[in-house]
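Student: Those protein sequences? They're chains A and S, same order as listed.
Residue numbers are given in this note's numbering: position 153 of the first sequence equals residue 153, and the series is strictly consecutive.
Residue numbers are given in this note's numbering: position 192 of the second sequence equals residue 192, and the series is strictly consecutive.
One copy or two, either will do: identical chains are not told apart, so a pair holds if it fits within one copy or between any two.
Here are the simulated DSS-like pairs of lysine-lysine, each with C-alpha atoms no more than 25 Å apart in a straight line: (1) K57 x K37; (2) K175 x K187; (3) K298 x K369; (4) K5 x K151.
Simulated from the structure, these hints should not be mistaken for lab results.
2 protein chains.
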Amino acid sequence: MDITKIIRQSCKNFQPYIAGKPIETLKREMGLKNIIKLASNENPLGPSKKALEAIKKNAEKVFYYPDSNSYELKKALSKKYNLPTENIFTAAGGDEIIELVAKLFFNPEDEIIMSKYSFIRYNLVTQLMGSKSVIVEMKDGFIYDLEAIAKACNKNTKAIFITNPNNPTGTYNTKVELEKFFKKIPKNKYGVKPIVIIDEAYFEYAALIKDYPNGLNYLKENPNLIVLRTFSKIYALAGLRVGYGFASKEIVSYIERMRPTFNVNLLAQVAAIASIKDKDQVTKGQKLINQEKDFLYKEFKKLKIDYIPSVANFILIKATPLKGKDCFKALLKEGVIIRAMDEYQLPDWVRITIGLPEENKLFIKKLKKVLKK
Amino acid sequence: MDITKIIRQSCKNFQPYIAGKPIETLKREMGLKNIIKLASNENPLGPSKKALEAIKKNAEKVFYYPDSNSYELKKALSKKYNLPTENIFTAAGGDEIIELVAKLFFNPEDEIIMSKYSFIRYNLVTQLMGSKSVIVEMKDGFIYDLEAIAKACNKNTKAIFITNPNNPTGTYNTKVELEKFFKKIPKNKYGVKPIVIIDEAYFEYAALIKDYPNGLNYLKENPNLIVLRTFSKIYALAGLRVGYGFASKEIVSYIERMRPTFNVNLLAQVAAIASIKDKDQVTKGQKLINQEKDFLYKEFKKLKIDYIPSVANFILIKATPLKGKDCFKALLKEGVIIRAMDEYQLPDWVRITIGLPEENKLFIKKLKKVLKK
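From just these sequences and the hints, can you work out the full model?
Tutor: This is the structure in structure tokens:
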């Protein structure tokens, strides 16, 4: 049977996903005792102790389906953010939210604007729905060019993805820039402003910066805005898949109608609720990153390695004289997993997640070795 | 902003999902100490002890993203079913598999055949993709009419959903019926036979019956076949969301390309692997259901309550003289959650999950009370 005859046109160009191997498998295959993973922007401090307790306490209940409404989780988020539950939705990670938005809004005739060098999932979901991706160049220093994005809008623009801070560059847009942008974007042929999705997966790492805009503050004035957050990053629950978003009651009501019924699993819900109650979780994560970022910047300067200053928990660095892919492979042999940036069209760069102090020291040691510096 | 102007046409008719409340909330609101849930076909014996251990042992690792390939889980399934991993895929429950198939294959001009009184998600995903649902009547006794389904095929038929055993009726189709069906379905305008999705979520409960067909046995001869299974039912991991499927290498390769990267969460993977290794899990579940089914049938006969003989872990019963919805409400006040069948177009019927012996006894007691028998 020739499957390409019957699959949807928009799925035909999907590339096979080549995922990383589990750490245990790598250890076995490479004959290594220790492997450190600085590849996926996880919080190496691990989940809140309260979350761990909640997981263990509720493990016996996993024969039940999850609460399909994430009732208690939404209540906890509502209290934390002082926002009605009707403006909040939950999903299996930020990834699912991006796909939910696409399935709800993207028609084949729609154009979706995204920035070059930003999270690749925006392009993937746009492809999935058969819509057109419009890729806008960045400003100098790998920063989102919101003015150019506003100018790129036309009658067919259905949605705009903004990542703030941006992945994989670690850069951010300021309050002033974002406020100007909201005013500038024009209405489309449907007579409304395009949906703006601000992906704030790394919100907590940037939140201490004075001119960093909290998307939540723009919700009332912009009914076209969807803000995306996650428990995968600073809350260290990536393995459990739980994200959340803020939007108008109307948008939330439709997302609720079309999302998979049991999208947030039972242990994810209890772990997330417990994490919210543990305020130390965030401050500890912020402190680690700020301290270790200083260490890494100093080392990069000593080694004359180009890097992009980051407000998130990862740093984009230039792997010269190696290609990013070769730097990745060489470090893998040394037991350090980082991320090459070919799929982001940045073949000379690698992205490293900021780890624990001993992990970062080891990384620098191994980096020196593979770059022969 | 009038959101109906900009959402996809096929999402406009989605109904707000009104989910059940969490048991804890119901207890509080209804002033009840104990509530039993016989509503969602869960296995009340709970998960395997090995699964519980695996969850607790791996809880600290949830700051890592899940293995996006479910590498170890696929290996364990491959060994259990003696099938190459290239023929196996995993997903966040059977629900996600149904949506993956729809996103991969269903175009607006396609027709999708499903049976009346079967799992409602088939119709929902068909709506999501804007395709046409063709609903075929059942045979007497609420059994899938495979002959009528084969006859309903035309040039536009892209896929056919079969549930075996069927939810919510508990009935099944025999080997002979299924084999005839495979031969009878005609090719469509794409020059291939329609995709046949056999949903075997309740496989293990029916597996002991002599003429019940194991979908896996038909895979080689039918490259259009997708078999769906789950850890939510007899394996009692509904709360963790993990399902799996068997199909040709070609179909699996495309499902892998378009599925969400981290769709099976970290604890789901380790719990599922541990469950496979615990062979008692299945036999204990089968034994409980067979024993308790006998008890319930006898009680229904005594009470002159109509029921459909079931090969799964749930039973469809006629709530006369009450409407199903009223029976549900009356039992809820008594602390027993069952499922009314209005959304399945069966307003006179309710579906009850077979529970633990003490739960079934209590259910019969409360049923007598609300039906005044």
